[in-house]
Amino acid sequence: MEFERPLDELEGKLASLKHLDVSEQPELAAEIAELEAEVARLHETLYAELTPWERVQIARHPERPKTDDYLQELFTDVVELHGDRLFGDDESMFAGLATLQGRRVAVLGHRKGKNTNENIRRNFGSPHPEGFRKAERLMHLADRFGLPIVSFLDTAGAYPGLDDEDRGQALAIAECLAALSAVRVPVVVVGIGEGGSGGALAIGFGDRLIMLENAYYSVISPEMCATILHKDARRASETSACLQLTADDLVRLGLADAVVAEPRGGAHHDPAMVFEGVRTALGTALESLSAVDRATLPDSRYQRLRRIGEIAGG
Amino acid sequence: MPISDWFKAREQRKYTTPTEASTPSDVPDGVWVRCEGCKRTLYMGDLERELMVCPSCGRHHDLAAPERLALLVDEGTFEEVDAHLRSADPLEFTSGKVYSEQVTAAEERTGLNEAIVCGRAAIGGRRAIVGVMDFRFIGASMGSVVGEKVTRAFELALAERTPLVLVTASGGARMQEGMLSLMQMAKTAAAAARLASAGVPYVVVLTNPTMGGVTASFATLGDVLIAEPGALIGFAGPRLVEQTIRKSLPKGFQTSEFLLEHGMIDMVVDRRELKDRVALLLSYLAAGDE
Ligand SMILES: [Zn+2]
Chain B
1 MEFERPLDEL EGKLASLKHL DVSEQPELAA EIAELEAEVA RLHETLYAEL
51 TPWERVQIAR HPERPKTDDY LQELFTDVVE LHGDRLFGDD ESMFAGLATL
101 QGRRVAVLGH RKGKNTNENI RRNFGSPHPE GFRKAERLMH LADRFGLPIV
151 SFLDTAGAYP GLDDEDRGQA LAIAECLAAL SAVRVPVVVV GIGEGGSGGA
201 LAIGFGDRLI MLENAYYSVI SPEMCATILH KDARRASETS ACLQLTADDL
251 VRLGLADAVV AEPRGGAHHD PAMVFEGVRT ALGTALESLS AVDRATLPDS
301 RYQRLRRIGE IAGG
Chain P
1 MPISDWFKAR EQRKYTTPTE ASTPSDVPDG VWVRCEGCKR TLYMGDLERE
51 LMVCPSCGRH HDLAAPERLA LLVDEGTFEE VDAHLRSADP LEFTSGKVYS
101 EQVTAAEERT GLNEAIVCGR AAIGGRRAIV GVMDFRFIGA SMGSVVGEKV
151 TRAFELALAE RTPLVLVTAS GGARMQEGML SLMQMAKTAA AAARLASAGV
201 PYVVVLTNPT MGGVTASFAT LGDVLIAEPG ALIGFAGPRL VEQTIRKSLP
251 KGFQTSEFLL EHGMIDMVVD RRELKDRVAL LLSYLAAGDE
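If you read the sequences in order, they're chains B and P. Be aware that the first sequence starts at 1, since it is given in our numbering, and climbs by one per residue. Be aware that the second sequence starts at 1, since it is given in our numbering, and climbs by one per residue.
Hint data in this document are derived by calculation from the structure and do not stem from the laboratory. The reader is advised that the hints may include incorrect statements.
In silico EDC-like pairs for lysine to aspartate or glutamate, Cα to Cα no more than 20 Å straight-line [unchecked claim]:
{"hint": "1", "chain 1": "B", "residue 1": "K114", "chain 2": "B", "residue 2": "E238"}
{"hint": "2", "chain 1": "B", "residue 1": "K231", "chain 2": "P", "residue 2": "E242"}
{"hint": "3", "chain 1": "P", "residue 1": "K97", "chain 2": "B", "residue 2": "E238"}
{"hint": "4", "chain 1": "B", "residue 1": "K13", "chain 2": "B", "residue 2": "E2"}
{"hint": "5", "chain 1": "P", "residue 1": "K251", "chain 2": "B", "residue 2": "D166"}
{"hint": "6", "chain 1": "P", "residue 1": "K97", "chain 2": "P", "residue 2": "E107"}
{"hint": "7", "chain 1": "B", "residue 1": "K114", "chain 2": "B", "residue 2": "D166"}
{"hint": "8", "chain 1": "B", "residue 1": "K114", "chain 2": "B", "residue 2": "E63"}
{"hint": "9", "chain 1": "B", "residue 1": "K114", "chain 2": "B", "residue 2": "E73"}
{"hint": "10", "chain 1": "P", "residue 1": "K97", "chain 2": "B", "residue 2": "E63"}
{"hint": "11", "chain 1": "P", "residue 1": "K97", "chain 2": "B", "residue 2": "D232"}
{"hint": "12", "chain 1": "B", "residue 1": "K13", "chain 2": "B", "residue 2": "E34"}
{"hint": "13", "chain 1": "B", "residue 1": "K114", "chain 2": "B", "residue 2": "E80"}
{"hint": "14", "chain 1": "P", "residue 1": "K39", "chain 2": "P", "residue 2": "E50"}
{"hint": "15", "chain 1": "B", "residue 1": "K18", "chain 2": "B", "residue 2": "E34"}
{"hint": "16", "chain 1": "P", "residue 1": "K247", "chain 2": "B", "residue 2": "D166"}
{"hint": "17", "chain 1": "P", "residue 1": "K247", "chain 2": "B", "residue 2": "D163"}
{"hint": "18", "chain 1": "P", "residue 1": "K275", "chain 2": "P", "residue 2": "E75"}
{"hint": "19", "chain 1": "P", "residue 1": "K251", "chain 2": "P", "residue 2": "E261"}
{"hint": "20", "chain 1": "P", "residue 1": "K275", "chain 2": "P", "residue 2": "E67"}
{"hint": "21", "chain 1": "P", "residue 1": "K251", "chain 2": "P", "residue 2": "E36"}
{"hint": "22", "chain 1": "B", "residue 1": "K13", "chain 2": "B", "residue 2": "E38"}
{"hint": "23", "chain 1": "B", "residue 1": "K18", "chain 2": "B", "residue 2": "D8"}
{"hint": "24", "chain 1": "P", "residue 1": "K251", "chain 2": "B", "residue 2": "D163"}
No experiment lies behind these values; they were computed from the predicted model shown.
Work the whole structure out from these sequences, hints included.
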């Protein structure tokens, strides 16, 4: 990642020095030791106070654990359900049934790919209307059969394509929002990477919101915000701070309930640690919601939404 | 002068509810304007008589909220609610323009407190809860206050079991309120779902332009979706779509007529027939409550 470049450079230099024979050049040993200390120092400072823009870059890291990884690591007996029954099957949206520590649930998730081929098939995790309509189908199914919904957010946003407009992208998202607001089962959302605007929100609100430490959730991408305000996407670093899109921001704004810690430098440095954190957070959320009378869930979810927003002269 | 200039001049005027004065008529006579559709020069008085629809090409020019109310509701019946709600600046957003200053400027320019005006009214003798958005107010983007007023309109319609009619125009979410703005989509959609399950009618009139987070939430959850001719309605802005597909867009893309053809809305209705059409629809949809 861009902000890691100084560290990459130092580590590169260190590696090349280590290739040399120290016995022939004794002064090298001191230099190596000094560099090692510097690398360690930089490791401390670089990741100690990540800026919002740096977190956005971590959230987008290609090696960051994805919905598929969580499905594989946290769930058993996964059954994927395909298609929107109207037009097609959108591979950028996962919908299925699965078991989480003995608990049967319905799972939704934006689906980025591990490689270029997979990413092309999955449209880099940006759903078409069919993806949202498949998700909506799963919401109704979960409601009818009493399955709690676990939803993983990881999308840059709904796809802004021509065909998507033809097929009612906005309407597909709106229907998801209406459906999700009314399900009589617990809804737990986990922000694992990118939470891009309406495409994330369509499956991205409920009774609990868990955010990974470096995941973000935003009304607009920092780049597009910078383009609109300054006609300069390079000012995304500035706008990502203004938008208050980090996990901590969301807690402060009263939108997120829990933050799952990530290893230094991001989830991809130690995925096992993050899987464990998400497993625990999901377990806690589902357990606390299991005690609630399900018929009251749509009302309490509505009250939760109802409190959001700041108004003068209210 | 071009119509856009006339609108600028009109922006200086203070907000008056249609019960006090029928707004379009108090412009001096003899003003000539140029239609933005066909570029013809029109006599302002003629244009106003046609409710700002060009008699030559049918172009529907934008309306301010008071003007919209004047043509939609029965004269003297509008009682505004929640007029006092005003935007705060929860994120203290300062990138680009200072948000709080933008709000103040919009208030002064439009005479409105926010981008939507809501209230009780009658349409063709039928009671309705009505909300109309005003694009002049920061592009009628949806922040906390627009979301709250829309939600309260749904709740009022539900409490009084009175049909809701919303006239939308919006550039989308108000990014200066960050996630608080995005969540208004979920809040308003949830309120719409509750009204729907209670069986109270909800009619939407989509006007130019209705985009982004508003289209992707309460604006398309109506029992009946009406659009004004030639309105731009969609999710992603046309420029973004063009950049994404790297091709020029087909003619008429994201217009009302395009949406009708693709099965996304129920009808396109000329503004001059809108009130009668809404009243007729309400007579059908409210049948169960009579
Ligand atoms: Zn014309």
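Here is how each hint holds up against the structure:
1. B:K114 x B:E238: It is violated: about 30 Å lies between the C-alpha atoms, which goes past 20 Å.
2. B:K231 x P:E242: Since the Cα atoms of B:K231 and P:E242 sit roughly 17 Å apart, the hinted pair holds (cutoff 20 Å).
3. P:K97 x B:E238: With Cα atoms ~13 Å apart, P:K97 and B:E238 stay inside 20 Å; holds.
4. B:K13 x B:E2: With a Cα-Cα distance of about 18 Å, the restraint between B:K13 and B:E2 holds, given a limit of 20 Å.
5. P:K251 x B:D166: It holds: about 13 Å lies between the C-alpha atoms, which stays within 20 Å.
6. P:K97 x P:E107: 15 Å, holds
7. B:K114 x B:D166: Since the Cα atoms of B:K114 and B:D166 sit roughly 29 Å apart, the hinted pair is violated (cutoff 20 Å).
8. B:K114 x B:E63: 8 Å, holds
9. B:K114 x B:E73: 16 Å, holds
10. P:K97 x B:E63: Not satisfied, since the Cα-Cα distance of roughly 37 Å exceeds 20 Å.
11. P:K97 x B:D232: 15 Å, holds
12. B:K13 x B:E34: Given pair B:K13, B:E34 holds - Cα atoms ~12 Å apart, limit 20 Å.
13. B:K114 x B:E80: 18 Å, holds
14. P:K39 x P:E50: 17 Å, holds
15. B:K18 x B:E34: The hint holds at about 12 Å.
16. P:K247 x B:D166: Holds, at about 15 Å.
17. P:K247 x B:D163: 13 Å, holds
18. P:K275 x P:E75: 12 Å, holds
19. P:K251 x P:E261: OK: P:K251 and P:E261 at ~13 Å, within 20 Å.
20. P:K275 x P:E67: 13 Å, holds
21. P:K251 x P:E36: Satisfied, since the Cα-Cα distance of roughly 17 Å is no more than 20 Å.
22. B:K13 x B:E38: Since the Cα atoms of B:K13 and B:E38 sit roughly 12 Å apart, the hinted pair holds (cutoff 20 Å).
23. B:K18 x B:D8: 15 Å, holds
24. P:K251 x B:D163: At roughly 14 Å apart (the allowed maximum being 20 Å), B:D163 and P:K251 satisfy the hint.
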